[in-house]
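Peer 1: Letter by letter, the chains look like this.
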Amino acid sequence: MTNPLGRDEVAHVAQLARLELTEEELDRFTGQLAQVLDHAADVAGLDLADVPPTAHPLPVSNVLRPDRPVPSLDRADVLAGAPEVEDHRFRVPRILGEAP
Amino acid sequence: MSAQAIADDVRSGRRSARSVVESSLAAVAAGDGDVHAFLLVTADDALAAADRVDERVAAGEDPGPLAGVPVALKDNLCTKGVPTTCGSRILDGWRPPYDATVVDRLRAAGAVVVGKTNLDEFAMGSSTENSAFGPTRNPRDTSRVPGGSSGGSAAAVAAGFVPLALGSDTGGSIRQPAAFCGVVGMKPTYGTVSRYGLVAFASSLDQIGPFATSVADAALLLAAIAGHDPCDSTSLDRPAPPGLVDADAGLSGLRVGVCAELVDGVAPDVAKRVRQAADALAAAGATVVDLAVPELRYGLSAYYLLAPAEASSNLARYDGVRFGLRVPAADVTAMNTATRTAGFGAEVKRRIMLGTYALSAGYYDAYYGQAQRVRTLVIRAFDRAYQQVDVLLGATAPSTAFPLGDRVDDPMAMYLSDVCTIPSNLAGHPAISVPFGTGDDGLPVGVQILAPALAEPTLFKVAAAIEAAAPTAGVGLGPHASEEPAVEEGRSGAPGGVAGTEAAR
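Residue numbers (the working numbering), protein chains in the order written: chain A, 1 to 100; chain B, 1 to 505.
Think of the hints as simulated: they come from the structure by calculation, not from any bench. Every value quoted in this text rests on a predicted model; they were computed, and no experiment measured them. No incorrect hints appear here.
Quick list of in silico lysine to aspartate or glutamate cross-link-like pairs, EDC-like style, CA-CA up to 16 Å:
(1) Lys80/B with Asp74/A
(2) Lys80/B with Asp77/A
(3) Lys80/B with Asp45/B
With the sequences and hints as input, model every part of the structure.
Peer 2: In structure tokens form, the structure reads like this:
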């Protein structure tokens, strides 16, 4: 299949991924990503309807441990790595728009 | 000097761990200005750890199988209280609140961590040029890349700074730099080594493994770090592979398949070395056949959809909230975007976007779903091949080390250098790169051995036979560069010395 990845699509994907691209980056990345997807055309074109997908090399399953309290990471150590902290919590800028 | 010999000397009191670590630090101070293998040298911590090893020896205790052996860690392995950057600006200032399981195990085995090594940002790359802190140079020829993404660890061992180092291998990031730098590099069976404390790139593919100057040392290091860890839900609940290589048993009865897909497309001088290695195995008693495993050809395309897809999800956590960089903005979405835009380099952005696209509604089945089905094809193809042979043989990389700057603007050309190593990651199988002579350019060639899951003992045995037969002449240490390399040093530049902790950043 030919890939439909154009400039607008790259801009949309960047926005989904919370990345801001300059006009020059948008041009460059569009060309480079299209090149990778063109290379992937060899697998996109295979008829694999009967082949099950593999998500993981091992047959992974939930791993449970006994429900016994054990010490977790020290809160001060964890918060020490955060850019901004208030009242023992991570502080972020406002999440919702301004109140009307 | 081998890690085994150092540990023997330290355990028996013939040599102090302090003197071993001092000479390692001196070698880094003398040579790393040219190579830039290290992002951080933890000299004070290393000397204190060496003294503790010496105290244990003096007290009549056994400090462990790696007593006093200096080890370098790829800087995507968490070290408590010590900066861990992943080669990225986005983790600026972050000090992990815990040690990776492999770091705990190294210390328990008596090893001494001397520092953190350079890497492509978040382990995404094949040349170590994607580091935010400037490239590492190949110690065999400083105008060449060391490979990647674990280029710093490979270079640190090749330059003789440390006898052992750890890297991580998602699509070849241990084996390819090992080949480029002329050292042994090994990716264990998925689940053999705990990933707890390894900063995640593509979780179904990532695996930590050893760099060493010999197969025996690589096996020794793997034995020290492997084994079940309840902190990693994908850790296999089985004992670590033995740390000793069964090299004396001979190769009689062993079946080796020279894999067409890992030989035919590579540079003629590299292919010639693979054929010579195959001849050496035949001479040592193995049965050698040519074998085609055509589905491996689809591995590269599948990988460059699957790994970015997993990465786009894993790297969503870098949002400016819990660790590292934050670029302030009026609301949280703008802050997330400004932080990620400033903190990530171009290759990481490319892969996040590629993965986001491959997972997006409308394209999921065509790209991500299809790549997962190809993964099944690759696994089935390996299963068929391993009914006929015990191990597969091929090149580790399609060429010897390429010049710095050669491929930075051409992502697809860069990705192609992983074509021989990716299939083992897709299948979760072990594989190893062993130095075997040089190419026409005088640079090291790595021969790759692949084996089915959990066949590490066989893998090491074959690797040791190839190592024993390897041509020895021709691979020296640089710097061979007689002129200024094409790529400018990054902002942090190379370290000027290792006088104190963090001197290299």
